[in-house]
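There are 2 protein chains.
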Amino acid sequence: MHYTESTIKNLPRVQRLNLINSITGIKPGNLIGTKSNAGVSNLAIISSVVHLGSNPPYIGFILRPSMVDRRDTYENILENCFYTINHIPSNFVEQAHYTSAKFDKETSEFEQCKFTEEYLSDFPAPFVKESGLKIGLKHLESIPISINNTMMIVGKVLYIDVDSKALSPEGYLDLDLLDSAGIGGLNTYYKLKKIKQFPYARVAELPKFSK
Amino acid sequence: MHYTESTIKNLPRVQRLNLINSITGIKPGNLIGTKSNAGVSNLAIISSVVHLGSNPPYIGFILRPSMVDRRDTYENILENCFYTINHIPSNFVEQAHYTSAKFDKETSEFEQCKFTEEYLSDFPAPFVKESGLKIGLKHLESIPISINNTMMIVGKVLYIDVDSKALSPEGYLDLDLLDSAGIGGLNTYYKLKKIKQFPYARVAELPKFSK
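Order-wise, the sequence lines are chains A and B. If you're matching positions, the first sequence starts at 1 in the numbering used here and goes up one per residue. If you're matching positions, the second sequence starts at 212 in the numbering used here and goes up one per residue.
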C-alpha cells in the first residue's frame with residue numbers, strides 16, 4: 001500500500017491526521033506539569049519529547065499552534081519558567097489521554113483526571129506522583145519552526161526522580177520495568193517489552209550478519 | 212532515587228550519557244537512507260524522529276554534531292535533497308544498531324549490516340526493503356539549535372509505503388502488527404504491545420476516574 005504527495009494531500013482530513021501522526025513510529029508518552037502564577041496547575045499529555053543533548057542535559061518538545069490545552073501549558077511555562085516531564089505508566093493511559101480534553105483555564109487536569117500533584121525538593125512546578133520517572137526542567141528557549149508555525153520548547157534538566165528498580169549502575173534505564181507507555185498516532189497506547197541491549201557499535205566488533 | 216543539577220553534572224560521563232539519553236522515554240527506531248552524488252548509499256539509525264505537522268506533512272529529526280555517521284547522512288541530504296525514514300522491525304534491531312559503527316565514507320551500511328536497498332516509484336533515495344513502513348522525504352530546512360550546536364532537519368513527506376495489514380480504514384497504524392521497534396537510551400531495544408485506543412478526548416465524555 002503506498003501514498004504519494006498528491007494522494008496524501010487529497011486524503012480526508014481525519015484520515016491524514018491519523019496516518020501522518022502515526023508514521024514516525026512509537027512516541028514517548030509523557031505528561032507535562034505546569035503551574036500558573038495564579039496558582040492553577042495544568043497537566044498535558046505530549047508525545048513529541050526529544051533528547052537534545054546530555055552535557056548540559058537539554059530536552060525539547062514540539063508545541064503545535066492548534067492545541068489549546070498546550071497553550072495553557074506554554075503560558076504557564078513562560079510565567080513560571082519551570083515545568084516537569086513525567087512518564088505515563090501503562091495503567092494510567094486512559095487518564096493521561098483525557099488530559100487533552102479542553103478543560104477551562106481554571107480547571108486543573110490533575111484533579112479532573114485523578115493524578116496526584118507532587119512537589120519535590122522545592123521545585124516550583126508540580127510532578128505527577130503516579131509516574132515512575134519525573135524530570136524537572138527550566139525553560140531556556142523557544143525555537144520557532146516558521147514553515148508551519150510550530151515551536152520547539154527547549155529546557156534544561158535540573159532534577160530527575162526515578163524508581164531505582166529500573167536503573168542500572170551504568171545509568172541504563174529499563175523502560176519495561178518502569179512500565180512507561182508509548183503512544184502511536186493520536187490515540188493508541190503501547191506497553192514496552194525489552195528485547196535486546198547491545199554494546200557501543202565498533203566496526204572491528206561487527207557481528208557476522210547474513211541476509 | 213533522585214538527581215539534582217549538580218549531581219547530574221558530576222556523574223561520570225558514560226553514566227550521564229546513558230541516563231540523560233534514557234529519561235525522555237521510548238524513542239522511535241528508524242533508519243535514515245541516503246545516497247551521495249558519487250553513488251554511495253548510507254544508512255543510519257536514528258531515535259530522534261518527531262512529528263511536526265500533518266498538512267502539509269512535515270517530519271523532523273535532531274542531528275547532533277558528535278555523530279560522524281550522521282554527518283555522512285547530512286552531507287548526502289544536502290547533496291541529494293531527498294532521503295528516506297524506515298521503521299526498524301524488531302527482528303532487525305542488531306543489524307540496525309550496528310549501522311552506527313564508524314564505517315568509512317565509501318562503505319555502505321546497507322551492505323555491511325545486510326539490509327536491502329530498495330528503490331520505489333523513481334524516488335531518488337534508497338528505502339529499506341525489510342522495513343514495514345517507509346517514508347520518502349524532501350529536505351526543506353535545517354533549523355539550528357544554537358545552545359548546544361545541534362540542528363533539527365525538517366523534511367516534507369512525499370511518499371509512504373506501508374504494509375497494509377497494519378493500517379485501518381481511518382488511517383490508524385498498528386505498530387504492534389508492523390512489529391516496529393522502540394529504542395531506550397543509546398542501546399536498548401523494545402517490542403511494542405498495543406494495549407488501548409481511545410476516542411478524541413472531549414470534556415463532556417470524560418470517563419469517571421477515581422484514585
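Since the hints were derived computationally from the structure, they do not count as laboratory data. Hints may be right or wrong, so weigh each one.
[Said to hold, decoys possible] Capping the alpha-carbon separation at 16 Å, the derived lysine to aspartate or glutamate pairs in EDC-like fashion look like this:
1. K376/B x E352/B
2. K196/A x E305/B
3. K211/A x E317/B
4. K404/B x D176/A
5. K138/A x D179/A
[Said to hold, decoys possible] The following residues of chain B were derived to be distant from chain A, with all beta-carbon distances above 10 Å:
6. Y214
7. G236
8. S247
9. S252
10. R275
11. R282
12. L289
13. N291
14. Q306
15. E317
16. E328
17. E329
18. Y330
19. P335
20. Q408
21. L417
Glycine included, C-beta positions come from ideal geometry on N, C-alpha and C.
Verification of the hints:
no., hint, in the structure
1, K376/B x E352/B, "34 Å, violated"
2, K196/A x E305/B, "8 Å, holds"
3, K211/A x E317/B, "21 Å, violated"
4, K404/B x D176/A, "11 Å, holds"
5, K138/A x D179/A, "26 Å, violated"
6, Y214, "4 Å, violated"
7, G236, "3 Å, violated"
8, S247, "19 Å, holds"
9, S252, "16 Å, holds"
10, R275, "7 Å, violated"
11, R282, "16 Å, holds"
12, L289, "18 Å, holds"
13, N291, "17 Å, holds"
14, Q306, "5 Å, violated"
15, E317, "13 Å, holds"
16, E328, "12 Å, holds"
17, E329, "12 Å, holds"
18, Y330, "13 Å, holds"
19, P335, "14 Å, holds"
20, Q408, "5 Å, violated"
21, L417, "6 Å, violated"
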